[in-house]
Every structure is written in C-alpha cells, then in structure tokens.
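Peer 1: Residues in the sequence shown are numbered consecutively from 7, following the numbering used here.
No wet-lab data here; the hints were simulated from the structure.
Quick reminder that beta carbons are idealized off the backbone N, C-alpha and C, glycines included.
Keep in mind that a hint or two might mislead.
[As the list claims (entries may be wrong)] Beta-carbon label-pair distances, calculated as ranges:
#1 His44 with Gln157: 25 to 33 Å
#2 Val120 with Ala67: 19 to 27 Å
#3 His45 with Leu123: 50 to 58 Å
#4 Gly85 with Ser25: 22 to 30 Å
#5 Pro109 with Met7: 21 to 29 Å
#6 His45 with Gln97: 31 to 39 Å
#7 Glu23 with Gln122: 33 to 41 Å
#8 Leu73 with Gly103: 17 to 25 Å
#9 Gly95 with Pro159: 32 to 40 Å
#10 Ala148 with Gly95: 21 to 29 Å
#11 His45 with Gly103: 49 to 57 Å
#12 Pro170 with Pro55: 32 to 40 Å
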Amino acid sequence: MAQNTDQVMQFLTDLAERSLPGARADLDEVRSFAREQHHAQELESWDIPYYSEKLRQHKYAISQEELRPYFPETRVVAGMFAVVNRLYGLQITEVQGIGTWHPDVRFYEIRDRVGQLRGCFYLDLYARPHKRGGAWMDDCIARRLTIGGVQTPVAYLTCNFSPPIRR
C-alpha cells in the first residue's frame, strides 16, 4: 500500500513507462493488419476497436461475441468485487429497493473490514437508446462533514456494454 501521494505518482509513472512500448507495439500491429488485410491507410481513434476485433478474429478465430457466454455479468461483477475484497478488505453488496433511473441500474454499498459503511454506488452497465456513449463515473453525493456527522458518499459508474440477449 502506498504511504503517500509521491509513491502513488511514482507507481503510475513507472507503470506508464513500462506499458507504453507494449501498447505501441499492439497499435502498430492493428495498423499493419488494417492496412494489409483491409486496405485502411489511416486509422482514426474510433477505428481501433473495429480493427482490433478483426485482428483478434484473424489470429485466434474467435470473436468477443463468442466469448460473451463464458463471462456472464453476474460472475464477472462478483469476481471483480471478490478481488476488491481480497486487495482492500472491502465488502460490496447489492442493496435492493433503491430507486434508479432504469431497471438495469443496480445500487451497491461498500463496507470495510469491521462493517462500517464507507460509500455507495450505482452501477449502470448497458448501452441503451438516448444514453450518452462512453464510460465514466462521478459522485452524486460527496463525502463531507455535516452537523449530523460524515455524509456517506454515493457515486455512479456508467458503462455502455452491449446488453445480454434476454430470452
């Protein structure tokens, strides 16, 4: 665990320096593939996911859609929360009965090792009509000291994954 912000910044700088050569090599591979196999001379940022998927299909004969059934949301989210618990000792559990802006949105609370509530968040995973694209997070309620004590922070995490096929 980092002891101060300088250690965090050193870690992030080191991570970026170590990751950059691999990321550049991956991007060069996608560009070469797009040029050689699809005659695409220049790629824009929005072309990268498309040609990356085409390259993955070319190299491994499998697509993201074929992998999807092996990584259902319920297992992936639970696995992510298990990693958070192992690394930080935080327990994340879904809270039922909280109003949301869409039926797919879920609400979670975060508790520390002794069960103290540390924060909450909304999780909005799926793309849908009229929803802004991309992925982001922000706070709904900031953590702050009030007359009644410390206000519990609430955030929202928004993604735009393709929704599962509902049967």
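Peer 1: Now tell me if each hint is right for this structure.
Peer 2: Each hint tested on the structure:
1. Restraint check, His44 to Gln157: a C-beta distance of roughly 53 Å breaks the suggested window 25 to 33 Å.
2. Range check, Val120 to Ala67: Cβ separation about 50 Å, and the 19 to 27 Å hint is violated.
3. Against the hinted window of 50 to 58 Å, the Cβ-Cβ separation of His45 and Leu123 comes to about 56 Å, which satisfies the hint.
4. For the hinted restraint 22 to 30 Å between Gly85 and Ser25, the CB-CB distance of approximately 23 Å keeps it satisfied.
5. About 38 Å separates the C-beta atoms of Pro109 and Met7, a value inconsistent with the hinted range of 21 to 29 Å.
6. Checking the proposed 31 to 39 Å range against His45 and Gln97 shows it is violated: the Cβ atoms sit about 52 Å from each other.
7. Evaluation of the 33 to 41 Å hint for Glu23 and Gln122 yields a pass: the beta carbon distance comes to about 37 Å.
8. Checking the proposed 17 to 25 Å range against Leu73 and Gly103 shows it is violated: the Cβ atoms sit about 34 Å from each other.
9. One distance hint, 32 to 40 Å for the beta-carbon pair Gly95 and Pro159, is violated here, with the actual separation near 18 Å.
10. Under the hint 21 to 29 Å, the C-beta atoms of Ala148 and Gly95, about 23 Å apart, fit the expected range.
11. A hinted range of 49 to 57 Å for the beta carbons of His45 and Gly103 is consistent with their spacing of about 55 Å.
12. At about 20 Å, the beta-carbon gap between Pro170 and Pro55 misses the expected band of 32 to 40 Å.
Hint check: violations occur at hints 1, 2, 5, 6, 8, 9 and 12; the rest are consistent with the structure.
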